[in-house]
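Protein chains: 2
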Amino acid sequence: MDAVSNSVSRPAGDVAPIVRLSQPDMDRVNQLIRERMASDVPLIPALADHLIAAGGKRLRPMLTIAAARASGGAKGIDAPLHLAAAVEFIHTATLLHDDVVDTSDLRRGKVAAHLIWGAPSSVLVGDFLFARAFELMVETDSMRALGILARASSVISEGEVLQLTRAHDLNLDTAVYLEIITAKTAELFAAAAEAGAVGAGADDAVVKGLRDYGMNLGIAFQLADDALDYGGTASALGKNAGDDFREGKVTLPLILAIERGGGLKDGFWDQAFAKSVRDDDDFARARERVIGTGAVSATLDVAGDYADAAKAALAVLPDSDWRDALDLLADYAVSRVY
Amino acid sequence: MDAVSNSVSRPAGDVAPIVRLSQPDMDRVNQLIRERMASDVPLIPALADHLIAAGGKRLRPMLTIAAARASGGAKGIDAPLHLAAAVEFIHTATLLHDDVVDTSDLRRGKVAAHLIWGAPSSVLVGDFLFARAFELMVETDSMRALGILARASSVISEGEVLQLTRAHDLNLDTAVYLEIITAKTAELFAAAAEAGAVGAGADDAVVKGLRDYGMNLGIAFQLADDALDYGGTASALGKNAGDDFREGKVTLPLILAIERGGGLKDGFWDQAFAKSVRDDDDFARARERVIGTGAVSATLDVAGDYADAAKAALAVLPDSDWRDALDLLADYAVSRVY
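Chains as they are written, first to last, in the numbering used here: chain F, 299 to 636; chain R, 299 to 636.
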């Protein structure tokens, strides 16, 4: 696998400080997650645990915790703990449904749940986790935080539908692409951070700063993810490289490769997307062209700009180790694989 | 189609009074529904409207309105209107997902949405409506009502998963069957009525009475629906008769037909369920046996008992036209097709 280096030199970032700082709170969040996925219907915890125990980075609930801790709010950590667990449930529900929608076969490095228990189970257990998320939020007694995550949930599904209706559309432009990733990914990062700050009782300027941080971080994260789909490895991704291409998703590396490769006129991309199934050879050719035009590096440059915007949004926060850790996380989101 | 008569003579009931009384409020609920299914992503209102415009009886939101009006609560109708729209969104979301799970081809007398727009769209638009339901609830500022409907949503999905894991299981007993229909159907009726009463500011005894009414009504309703699947017509059902049988769902008419027909020992039912596809001839034979053993009538008798329990639960309510209309609705739920 070729290394794809970022054309602008960027700080490497680090996820370790935020993981270390949030560990005691995240232990409690994980305990809540385990408790609240319980059900008398055995398939539910079995399926949910398959995905939740696989772990992932727990980036979104960690963001809720870090936002609460960094915000200087005085209301304590109990509401943010519940909101963090709710955020992870919403995220897991969307993953279960996405894998059905995309018929993906790998998730978090494991066989996707729908291939073991069937798509109907994934749909229904996703619904269960989504409902449980709202039950957790009700316990916080913060209608404002609940409203933030309810709105995020509808925006996420709008983003997913928009992505679905624009799949295989090689004329997708950067603006609509950004609209899609803002809705399907960044909105939950933004809401996770915002809800954490609200739950902690932060003042409005800090709440807004943390929302802006989450939004920009989420966009940077998704851009890096989409770059990785052409420039990374399955082990780094926890899913197969080339999934976006195979599923006909038009992402920024592809949009930029088309632009930089003289548009669609040589028929290369139309031919690749005209096929109903794109195989490994098709992906190898596409990947060569995307990397060769510098589109992966260029995508990471754009991601870097969003990471910088995320860091700038932290200026309203009081000085703290938490703020420093959020700053390092923003750089990490872009640099995490190279 | 043979008429199957109820073995115990019951009052016919009537849905007209509650429809007439709730019409002005339901016009406002329908307006809210239309407004809140709007989205910049055109597929969403198109798909949602396909199902929502098809109408159905709007029984569940009507129940929220009627519970609010009958409760004597003094908080006004604004919160119940929003809760009613939320209840319809939750119900529509579950229908969209159920049709994917069951691969049904007919819903509310129209081609099921997933056959027009694909299963992925139905999954995602269901998610959207579910999220929008919570946004509507947030506007009521009633955390208690929101908690009732959040809990109902997780119970519904548990019921759906339980039904899925027990499909094709001819040893399903009446107790588990009742557990399934209580969760997947009756819980939303109960929550719809309870939330309406809470939203109107009713006192606790009335709230409890209306929850009990909704729960018993919901069980009666589902029992009658399951009886109709063997004894009714597609036009009465808004879906195909025999769907439960074809999908391998074991419902009370089937459980009772097995009991009354001497158990499983003649191999009739095992043979029918061993097939991966059950066709119209299989259903005709099954239907003959279910009706012939009196299992449809017996199911309707059980439904009648629940309708009576629903009516009894209304005793705590103040006298009103609304209470009388709820009383008639309970009988209607059982008698609606015969």
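Don't read these hints as lab results, they were simulated from the structure. Take these hints with a grain of salt, some might be off.
Here chain F is said to cover these stretches of chain R; the calculated rule only asks that three of the stretch's residues, wherever they fall, bring their Cβ under 8 angstroms from a Cβ of chain F [stated by the list, open to error]:
hint : segment
1    : 313-327
2    : 368-381
3    : 456-467
4    : 601-612
Residues from chain F shown here face chain R by an in silico Cβ test under 7 angstroms; the list is partial [said to hold, decoys possible]:
hint : residue
5    : 329
6    : 452
7    : 567
Just so you know, these numbers come straight off a predicted model, no measurement behind them. C-beta atoms are modelled at their ideal positions from N, C-alpha and C, and glycine is treated no differently.
Close enough to count: is the Cβ of residue 567/F nearer than 7 angstroms to one in chain R? violated (23 angstroms)
Hint residue 329/F vs chain R: min CB-CB distance below 7 angstroms? violated (19 angstroms)
With a cut-off of 8 angstroms between beta carbons, are at least three residues of the segment 313-327 of chain R near chain F? That given contact is violated, which follows from only 0 residues of the segment 313-327 of chain R lying within Cβ reach (below 8 angstroms) of chain F.
Within the segment 456-467 of chain R, is the number of residues with a Cβ closer than 8 angstroms to a Cβ of chain F three or more? holds (count 6)
Within the segment 368-381 of chain R, is the number of residues with a Cβ closer than 8 angstroms to a Cβ of chain F three or more? violated (count 0)
Establish whether the coverage given for the segment 601-612 of chain R by chain F is satisfied; the threshold is a Cβ-Cβ distance below 8 angstroms, and no fewer than three residues must meet it. violated (count 0)
Supplied contact hint for residue 452/F, tested at 7 angstroms Cβ to chain R: holds (4 angstroms)
In summary, the numbered hints that this structure violates are 1, 2, 4, 5, 7.
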